[in-house]
Structures are given as structure tokens and as C-alpha cells.
Amino acid sequence: MGAQRAALTPARPGMPVMLALSDVRYLPEHPDHHASIDAIAAEAFGPGRFTRAAERVREMARHAPGLSFVAEHGGAIIGSVRLTPIAIGDAPSLMLGPLAVRPAFKNRGVGKALMQRAATAAREAGENSIILVGDPPYYAPLGYRPLPRGSVIMPGPVDLARLLGLELIAGALAEVRGTVGARRD
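Under UniProt numbering, the first residue of the sequence shown is numbered 1, with each subsequent residue one higher.
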């Protein structure tokens, strides 16, 4: 643990860790990563994360490990992204989240690289779309667009301006209507 902590400790408190993107490895999620993923999510979102509508979806359905990834630097997990199979009404889709990166590694492209890997894996797996609840300015450059108001109903309150979707197949979200729930494959 000492070597891992040293790799994550900035030279001065409050300063970001020096990071070359070539030093970051992106790996499929493995059960050994779960404790690190939980710690990163707690650090990024705090205890309030359990009250969010997106968390209610994750309680209904298990994430897909084959479509979920971690970022590793210096032997330590520094970020993660998960995709969870869902249904919007009867239409299959995926829910992205959480996407979390340790604060010392934020704004370095790690989150975007994780998202791109997850979207590529989902597309290659034949998935139609990905939805998420997040900040439009962050996700728009990755192709995420606001969903039509009222088309997708989350199992809890959500700011509709933050409900975004990415079509992996053109038109996949155009006619989708319904409540988000667990996918029944």
C-alpha cells in the first residue's frame, strides 16, 4: 500500500499528481477492483450518491463487468466507469455511471478515455444506446445529447436537462419512451 500511496500523493498538498496519459493503463473491471471503485465513488460523490435516481437504477440491475473499465496508474486504480444493462420501456439500453476519477487525476482526460472505452465496448457488443445523468458541457463533446423531455422516466427525481443519451446505432433513441428499469434478457 505504501508504494501505491506514494504514486498517488502530490509533491505538495493541493497540487495535482504529475501524469502522462501514456502512464495510465485502461483495463476491464475485475472483482479485485471493487473496493477501489467504491472508494473512488465515495471520494467523488460522498454519501449523497445513494439517494440519486441513477443509484436506484443500479440497485435494480447489476452493471456489466465486460462493459465496465478502470484506469490504473502506478499500480493503483485512479478511475472507473460502469455500464449497466437497462430497459427504457421495452427498449434495451445501457446506463452509464458512476464515472469517477480520483481528484488528483481530474481534468487530465482520464474520465473521457474511460467513457470512450466503455462506448466502444458497448458498440462492439451490439448495444443500441447509453443514457446517463450528468453535466451536458462535459458529455456533449463525447456525443451525448439531451433526451426529449418526458421520453425517459427515471425511478426518482432527476433534472431533465441533465438526462442525456448517446446513440450507438443511429436512431436508437428517437422513438424510445418509457420508464427506466432492469433489462429482462
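Keep in mind the hints are simulated off the structure, nothing from the lab. Please note that a few of the clues may not be correct.
Derived EDC-like pairs (lysine to aspartate or glutamate); straight-line CA-CA distance at most 16 Å [unchecked claim]:
1. Lys106 x Glu43
2. Lys112 x Asp135
3. Lys112 x Glu72
4. Lys106 x Asp159
5. Lys106 x Glu72
Between beta-carbon pairs, the in silico distance windows are [as the list claims (entries may be wrong)]:
6. Gly126 x Ala35: 20 to 26 Å
7. Thr120 x Leu160: 33 to 39 Å
8. Gly109 x Gly178: 33 to 39 Å
9. Pro148 x Ala182: 19 to 25 Å
10. Arg62 x Gly178: 26 to 32 Å
11. Glu175 x Tyr26: 31 to 37 Å
As the structure is a prediction and not an experimental result, all values here were calculated from the model. Glycine residues also receive a C-beta, built at the ideal position from the N, C-alpha and C atoms.
The hints, checked one at a time:
A C-alpha spacing of about 12 Å is found between Lys106 and Glu43, which places the hinted pair at or below 16 Å, so the restraint holds. Taking the CA atoms of Lys112 and Asp135, the gap is near 13 Å; set against the 16 Å cutoff, the hint holds. At most 16 Å may separate the alpha-carbon atoms for a hinted pair to count; Lys112 and Glu72 meet this at roughly 14 Å. The straight-line distance between the Cα atoms of Lys106 and Asp159 is roughly 24 Å, outside the 16 Å bound, and the hint therefore fails.
Between the alpha carbons of Lys106 and Glu72 the distance comes to roughly 13 Å, so the proposed pair stays at or under 16 Å and holds. Our hint of 20 to 26 Å for Gly126 and Ala35 is violated, since their Cβ atoms are close to 31 Å apart. Distance hint for Thr120 and Leu160: a CB-CB separation of about 28 Å, inconsistent with the stated range 33 to 39 Å. For the pair Gly109 and Gly178, the supplied restraint of 33 to 39 Å holds, since their beta-carbon distance comes to about 35 Å.
Between Pro148 and Ala182 the beta carbon distance is about 23 Å. The supplied range of 19 to 25 Å therefore holds. Arg62 and Gly178 have their C-beta atoms about 20 Å apart, which leaves the hinted 26 to 32 Å range violated. Checked against the hint of 31 to 37 Å, the pair Glu175 and Tyr26 passes, with Cβ atoms roughly 34 Å apart.
Going down the numbered hints, you'll see the structure goes against 4, 6, 7, 10, while the others check out.
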